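K.L.:
All chains should be modelled from the sequences, with the hints used to inform the complete structure.
Protein chains: 2
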Amino acid sequence: MTSINIIGTGNVAWHIATALQNANGFSLQAVAGRSENSLKDFKLLAKDTGLLNTLSPAALTIIAVADDAINKVIKNIPYTTGLFVHTSGSAPMSVLSQFENHGVFYPLQSFSKEVSVDFKEIPICIESHDKKNVAILEGLGFALSEKVKEISSKEREQLHLAAVFVNNFTNHCFTIAQDLCDEKALSFDLLRPLLETTAIKALANRPDTIQTGPAKRNDTETLKSHIKQLSNPKQQEVYKTLSAAITSYYGKKL
Amino acid sequence: MTSINIIGTGNVAWHIATALQNANGFSLQAVAGRSENSLKDFKLLAKDTGLLNTLSPAALTIIAVADDAINKVIKNIPYTTGLFVHTSGSAPMSVLSQFENHGVFYPLQSFSKEVSVDFKEIPICIESHDKKNVAILEGLGFALSEKVKEISSKEREQLHLAAVFVNNFTNHCFTIAQDLCDEKALSFDLLRPLLETTAIKALANRPDTIQTGPAKRNDTETLKSHIKQLSNPKQQEVYKTLSAAITSYYGKKL
Chain A
26 MTSINIIGTG NVAWHIATAL QNANGFSLQA VAGRSENSLK DFKLLAKDTG
76 LLNTLSPAAL TIIAVADDAI NKVIKNIPYT TGLFVHTSGS APMSVLSQFE
126 NHGVFYPLQS FSKEVSVDFK EIPICIESHD KKNVAILEGL GFALSEKVKE
176 ISSKEREQLH LAAVFVNNFT NHCFTIAQDL CDEKALSFDL LRPLLETTAI
226 KALANRPDTI QTGPAKRNDT ETLKSHIKQL SNPKQQEVYK TLSAAITSYY
276 GKKL
Chain B
26 MTSINIIGTG NVAWHIATAL QNANGFSLQA VAGRSENSLK DFKLLAKDTG
76 LLNTLSPAAL TIIAVADDAI NKVIKNIPYT TGLFVHTSGS APMSVLSQFE
126 NHGVFYPLQS FSKEVSVDFK EIPICIESHD KKNVAILEGL GFALSEKVKE
176 ISSKEREQLH LAAVFVNNFT NHCFTIAQDL CDEKALSFDL LRPLLETTAI
226 KALANRPDTI QTGPAKRNDT ETLKSHIKQL SNPKQQEVYK TLSAAITSYY
276 GKKL
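Just so you know, the protein sequences line up as chains A and B, in that order.
Just so you know, we're using this note's numbering here: the first sequence kicks off at 26 and counts up by one.
Just so you know, we're using this note's numbering here: the second sequence kicks off at 26 and counts up by one.
Worth flagging that the hints you see were computed from the coordinates, not collected in a lab.
Honestly, I wouldn't trust all of these hints.
Note that identical chains are pooled: a pair holds if it fits in a single copy or bridges any two copies.
Below, simulated DMTMM-like cross-link-like pairs (lysine to aspartate or glutamate); rule was C-alpha separation at most 20 Å, straight line [claimed, not checked]:
1) K172 <-> E262
2) K179 <-> D204
3) K241 <-> E262
4) K65 <-> E182
5) K157 <-> E125
6) K259 <-> D233
7) K97 <-> D244
8) K226 <-> E146
9) K249 <-> D143
10) K65 <-> D214
11) K209 <-> E180
Predicted, not measured: the structure shown is a model, and the values here were computed from it.
P.N.:
Take a look at the structure:
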């Protein structure tokens, strides 16, 4: 049985702690957080919860805190034995180099406590210099998910950047669409079936093969009238930049 | 039984013709297209298929062609009786004003022949000056879908613009993400679970309440390093414009 400590009480910590309940061969020894209040939810999931400086050593310590908190946290861990990993998409593995055994365990997903996810479907990106440690992370990865892959820090950096386009930017496009509906007292529900189909198509196809719309067709009349229709300058900029990017992308391909 | 002619053989025509097979009280009399070849697929769906000038009058004529083809098509319809509608998101209703009875029947969805859709879930936006015609379109709408709404040309224009953000722009964001993966020989499948969750969350929430990421946090270090990481200037522009839009959007709200 591999004992695990989790440091952090946010969304990633929560989902890993939950998934660990059904992971054969791994036991969640303790969860450490900054306050009793943040630890409340974890009392049913871990044998122990407490402040960081009260932690006992574990075979594997998972640091699931915000990127800019990693440095502070690692200064305050009261032991150096075992394997230490972080769960960040963008922090390099080297931020943990003060520990002899260190690596990365990055679940590529956008977590929130309110939305339950099927952990089996989440790609887990693992990294370590040491083969023995890779094997431990692979073991944990496959105990939680069907998709585990060794990914270097450089590759993970690229995935994290791509994830910004897949999640952050698309969600802001949805937000602008919602605001445009609000403006004319139209329900955003009218657009949700289209939103769903957009995702379903991109799940089954290379997205560049299913692009449609006025920018792809370089339909300058519609583009002009859309820009005129937008009264908000920020929305206009997004419209212009994305349309220009699309027109140039497919123009080059013709 | 209301007889229907469809003019056009593209994706919208195909999906309406298919859905009409199960619509009580409506019968698909004929589908008109430019060539025998384009009409092939419709032979099992309509009583008759043929060139536009061979059409017999029907109670309802659905013009499902590209926006810039509507004007040409209506000059060549060999009758003026019955109700005429187009299926366009952006063309105003008035393009059909040469017909005494005219209106709009706009299914708000992105259709492609390869992807079957549940027509019952598709919002149908209808419009006509005449109450009797609205009733006919409502009847057809509810025979095909559970979501039928009277929408003015001005409102439809806004929905169509919002649809560009929901579908065209998000799909291009997916395309950039795919290209970033290709660049480092990473599989886009690693990002598909995130893509799916992004949509699931926006289907269940107001998108502005679930925004995350470096631009929302105004995490300038990550933003700078991401921009440096992008070697393609068009990708850089999209990144900068969307990040600035997000930062300003949530900055104002704080």
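K.L.:
Could you run down the list of hints and mark each one as holding or not?
P.N.:
Comparing the hints with the structure gives:
1. K172 <-> E262: neither (38 Å within a copy, 33 Å between copies)
2. K179 <-> D204: between (37 Å within a copy, 16 Å between copies)
3. K241 <-> E262: both (18 Å within a copy, 18 Å between copies)
4. K65 <-> E182: neither (33 Å within a copy, 50 Å between copies)
5. K157 <-> E125: Within one copy only: 12 Å inside a chain, 79 Å across chains, cut-off 20 Å.
6. K259 <-> D233: For K259 and D233, the Cα distance is within 20 Å only across copies (15 Å; inside one copy 26 Å).
7. K97 <-> D244: For K97 and D244, only the inter-copy Cα distance (18 Å) is at most 20 Å; the intra-copy one is 53 Å.
8. K226 <-> E146: Classified as both: same-chain Cα gap 18 Å, cross-chain 16 Å, threshold 20 Å.
9. K249 <-> D143: Neither: 43 Å inside a copy, 33 Å across copies.
10. K65 <-> D214: For K65 and D214, the Cα distance exceeds 20 Å both inside one copy (36 Å) and across copies (36 Å).
11. K209 <-> E180: between (44 Å within a copy, 7 Å between copies)
Violated hints, in rising order: 1, 4, 9, 10; the structure is consistent with all others.
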